[in-house]
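J.: Sequence:
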Amino acid sequence: MKINVEIDEEIKAIEVLIRNHEWNEEVQELMECLKERKRPYFVGRKGEMQHVFRAEEIICLFTEQDSIMVRTKQGIFESFLSLLSLPSENNE
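Under my numbering, the residue at position 50 of the sequence shown is numbered 272, and the numbers go up by one with no gaps.
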């Protein structure tokens, strides 16, 4: 995959262009990942229970074995998302 970033002070909003020779699973995954970035809430798991939290509730992220963990004031939860899908200050 080739990624280009162009910074232009005249551009007012982020624009994403995906180019490929066909619509395939990789293109679909990229589309889904980009759509997820605007999600207003996230879901974490603690045992059998699921917890819904907003991006601003996240204190920190860390890995434990093969899982991404999310720490909030309510506790520590296993994330269902990849690190690229989780919120950051630059996602807005």
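Just to be clear, a hint being listed does not mean it is correct.
Simulated DEER-style distance windows between Cβ atoms [stated by the list, open to error]:
#1 Ile298 <-> Glu254: 25 to 35 Å
#2 Glu251 <-> Asn226: 36 to 46 Å
#3 Ile229 <-> Leu252: 19 to 29 Å
#4 His243 <-> Gly297: 40 to 50 Å
#5 Glu228 <-> Arg267: 31 to 41 Å
#6 Glu251 <-> Leu283: 17 to 27 Å
#7 Ile298 <-> Asn226: 29 to 39 Å
#8 Lys257 <-> Ser289: 22 to 32 Å
#9 Gln296 <-> Arg241: 19 to 29 Å
#10 Glu251 <-> Met291: 14 to 24 Å
#11 Ile233 <-> Glu254: 18 to 28 Å
#12 Val249 <-> Ile229: 19 to 29 Å
#13 Arg276 <-> Asn246: 12 to 22 Å
#14 Trp245 <-> Ile225: 10 to 20 Å
Simulated pairs of lysine to any residue, SDA-like, Cα-Cα distance not exceeding 20 Å [said to hold, decoys possible]:
#15 Lys224 <-> Asn242
#16 Lys257 <-> Glu286
#17 Lys257 <-> Glu247
#18 Lys224 <-> Lys268
#19 Lys295 <-> Cys282
#20 Lys268 <-> Asn246
#21 Lys224 <-> Asn246
#22 Lys268 <-> Gly297
#23 Lys268 <-> Glu279
#24 Lys224 <-> Val249
Don't read these hints as lab results, they were simulated from the structure.
Note that this is a predicted model, so its numbers are computed, not measured.
Note that CB positions come from ideal geometry on N, CA and C, so glycine has one too.
J.: Now, for every hint given, state plainly whether the structure supports it.
T.: Checked hints:
1. Between isoleucine 298 and glutamate 254 the CB atoms are about 26 Å apart, so this pair conforms to the stated range of 25 to 35 Å.
2. The given range of 36 to 46 Å is broken by glutamate 251 and asparagine 226, whose C-beta atoms sit roughly 19 Å from each other.
3. About 21 Å separates the C-beta atoms of isoleucine 229 and leucine 252, a value consistent with the hinted range of 19 to 29 Å.
4. Range check, histidine 243 to glycine 297: about 46 Å between beta-carbon atoms, so the 40 to 50 Å window is met.
5. One distance hint, 31 to 41 Å for the beta-carbon pair glutamate 228 and arginine 267, holds here, with the actual separation near 38 Å.
6. At about 21 Å, the CB distance of glutamate 251 to leucine 283 agrees with the hint of 17 to 27 Å.
7. The hint said 29 to 39 Å for the Cβ distance between isoleucine 298 and asparagine 226, and at roughly 37 Å that hint holds.
8. Here the CB-CB span from lysine 257 to serine 289 is close to 23 Å, well matched to the stated 22 to 32 Å.
9. Take glutamine 296 and arginine 241: their Cβ atoms lie about 42 Å apart, and the range 19 to 29 Å is violated.
10. The beta-carbon spacing between glutamate 251 and methionine 291, approximately 23 Å, falls within the hinted interval of 14 to 24 Å.
11. For the pair isoleucine 233 and glutamate 254, the supplied restraint of 18 to 28 Å holds, since their beta-carbon distance comes to about 24 Å.
12. In this structure the supplied range 19 to 29 Å holds for valine 249 paired with isoleucine 229, their Cβ-Cβ distance being about 25 Å.
13. Checked against the hint of 12 to 22 Å, the pair arginine 276 and asparagine 246 fails, with Cβ atoms roughly 33 Å apart.
14. As the Cβ distance of tryptophan 245 to isoleucine 225 is approximately 19 Å, the hint placing it in 10 to 20 Å holds.
15. The straight-line distance between the Cα atoms of lysine 224 and asparagine 242 is roughly 10 Å, inside the 20 Å bound, and the hint therefore holds.
16. Using a Cα cut-off of 20 Å, the hinted pair lysine 257 and glutamate 286 is violated, with the two alpha carbons roughly 26 Å apart.
17. For the hint pairing lysine 257 with glutamate 247, the CA-to-CA distance comes to about 15 Å; that is within 20 Å, so the pair holds.
18. For the suggested pair lysine 224 and lysine 268, the alpha carbons sit about 37 Å apart, so the restraint of at most 20 Å is broken.
19. The suggested pairing of lysine 295 with cysteine 282 holds, with an alpha-carbon distance near 10 Å, which does not exceed 20 Å.
20. For the suggested pair lysine 268 and asparagine 246, the alpha carbons sit about 34 Å apart, so the restraint of at most 20 Å is broken.
21. Between the alpha carbons of lysine 224 and asparagine 246 the distance comes to roughly 16 Å, so the proposed pair stays at or under 20 Å and holds.
22. Restraint check: the Cα-Cα separation between lysine 268 and glycine 297 comes to about 9 Å, which is no more than 20 Å; the hinted pair holds.
23. At most 20 Å may separate the alpha-carbon atoms for a hinted pair to count; lysine 268 and glutamate 279 meet this at roughly 16 Å.
24. For the proposed pair lysine 224 and valine 249, the alpha carbon gap of about 13 Å is at most 20 Å, so the pair holds.
In the structure shown, a violation is registered for the earlier hints numbered 2, 9, 13, 16, 18 and 20, in ascending order.
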